[in-house]
Amino acid sequence: DGGITQSPKYLFRKEGQNVTLSCEQNLNHDAMYWYRQDPGQGLRLIYYSQIVNDFQKGDIAEGYSVSREKKESFPLTVTSAQKNPTAFYLCASKWTGVTEAFFGQGTRLTVV
Amino acid sequence: SQELEQSPQSLIVQEGKNLTINCTSSKTLYGLYWYKQKYGEGLIFLMMLQKGGEEKSHEKITAKLDEKKQQSSLHITASQPSHAGIYLCGAPSPDLADSWGKLQFGAGTQVVVTP
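Chains A and B are the protein sequences, given in the same order. One rule links them: number in the working numbering = place in the first sequence (from 1) + 70. One rule links them: number in the working numbering = place in the second sequence (from 1) + 196.
Do not rely on the hints blindly, as some may be mistaken.
To be verified - Label-pair ranges, simulated between beta-carbon atoms:
hint : chain 1 : residue 1 : chain 2 : residue 2 : range
1    : B       : Lys223    : A       : Lys127    : 16 to 26 Å
2    : B       : Lys234    : A       : Thr156    : 15 to 25 Å
3    : B       : Glu199    : A       : Gln126    : 17 to 27 Å
4    : B       : Phe241    : A       : Arg178    : 17 to 27 Å
5    : A       : Asn88     : B       : Thr273    : 40 to 50 Å
6    : B       : Gln246    : A       : Lys84     : 43 to 53 Å
7    : B       : Ser222    : A       : Gln87     : 17 to 27 Å
8    : B       : Thr258    : A       : Ser150    : 30 to 40 Å
9    : A       : Gly86     : B       : Glu211    : 42 to 52 Å
10   : B       : Thr273    : A       : Gly86     : 48 to 58 Å
Stated by the list, open to error - Which chain B residues face chain A? A few, computed with CB under 7 Å, are given here:
hint : residue
11   : Tyr226
12   : Leu239
13   : Gly297
Bear in mind the hints are in silico, worked out from the structure with no lab data behind them. We treat Cβ as the ideally placed atom computed from N, Cα and C, and that holds for glycine.
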């Protein structure tokens, strides 16, 4: 089945540790996205990538890093520089142009 | 950057009643998406609108994009418990040089359907 997969669904980390969230898609989509969602709020764009080996900062990129070495994969690293990393993280992918995005089921990150 | 404002922030509707959610953009929309989200889950695509004056329907949900392409509404007729959730509007950036790559969303509208 084609789709977009995020793992893990729940993640717990100690404060000061870096953590990497996985996002894989087998839809052959060119563009991939990472969003952060806080309780009662909408989605805020962290990073996006439209082609392999290229990515752009979104509105809240500070404290995060990404890579796009393969078309199907777009991992997000939450670094220790991110001051408030506890949130729900969503990954999405789409074809370029004005087309709809497909979302993963999200990863809930809790930093203790 | 483009901002999308949704209203209302939340609403409670009795089962069987109609409801409307609005999404307003500060810039001309080149496309407008509507998604539904259940708490703690991913977003489910509902509809996409591109042309001014366009209207689309799926089951009891109708979405419209105004002629100026700066406002969209989502209307649910005869609401059911299955309509409960968070509804979000999204749009690609109006930057042609970016190939509409930057995809942004409104803050969402929480819908509660009561018996």
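Given the range 17 to 27 Å, decide if the beta-carbon distance of B:Ser222 to A:Gln87 lies inside it.
This hint is violated: roughly 39 Å between Cβ atoms.
Could you tell me whether the CB distance from B:Gln246 to A:Lys84 stays inside 43 to 53 Å?
holds (46 Å)
Between the beta carbons of B:Lys223 and A:Lys127, is the distance compatible with 16 to 26 Å?
holds (20 Å)
Restraint: B:Tyr226 near chain A, CB-CB cut 7 Å. Satisfied or not?
holds (6 Å)
Tell me if the beta carbons of B:Phe241 and A:Arg178 are separated by a distance inside 17 to 27 Å.
holds (22 Å)
Taking the beta carbons of B:Glu199 and A:Gln126, is their distance inside 17 to 27 Å?
Once the Cβ atoms are compared, 18 Å apart, the range 17 to 27 Å for A:Gln126 and B:Glu199 holds.
Is 15 to 25 Å right for how far apart the beta carbons of B:Lys234 and A:Thr156 are?
At roughly 20 Å between Cβ atoms, A:Thr156 and B:Lys234 fall inside 15 to 25 Å, so the hint holds.
For the hint on B:Leu239, just tell me whether its beta-carbon gets within less than 7 Å of chain A.
holds (4 Å)
For the range 30 to 40 Å, tell me whether the beta carbons of B:Thr258 and A:Ser150 fit it or not.
violated (47 Å)
Does the Cβ-Cβ separation between A:Asn88 and B:Thr273 fall within 40 to 50 Å?
holds (48 Å)
Given B:Gly297 as an interface hint, is the shortest Cβ-Cβ distance to chain A below 7 Å?
For B:Gly297, the interface hint holds, since the closest Cβ of chain A sits about 5 Å away, which is under 7 Å.
Tell me if the beta carbons of A:Gly86 and B:Glu211 are separated by a distance inside 42 to 52 Å.
The hint (42 to 52 Å, Cβ to Cβ) holds, given that A:Gly86 and B:Glu211 are roughly 48 Å apart.
Hints 7, 8 from the earlier list are contradicted by this structure; the remaining hints agree with it.
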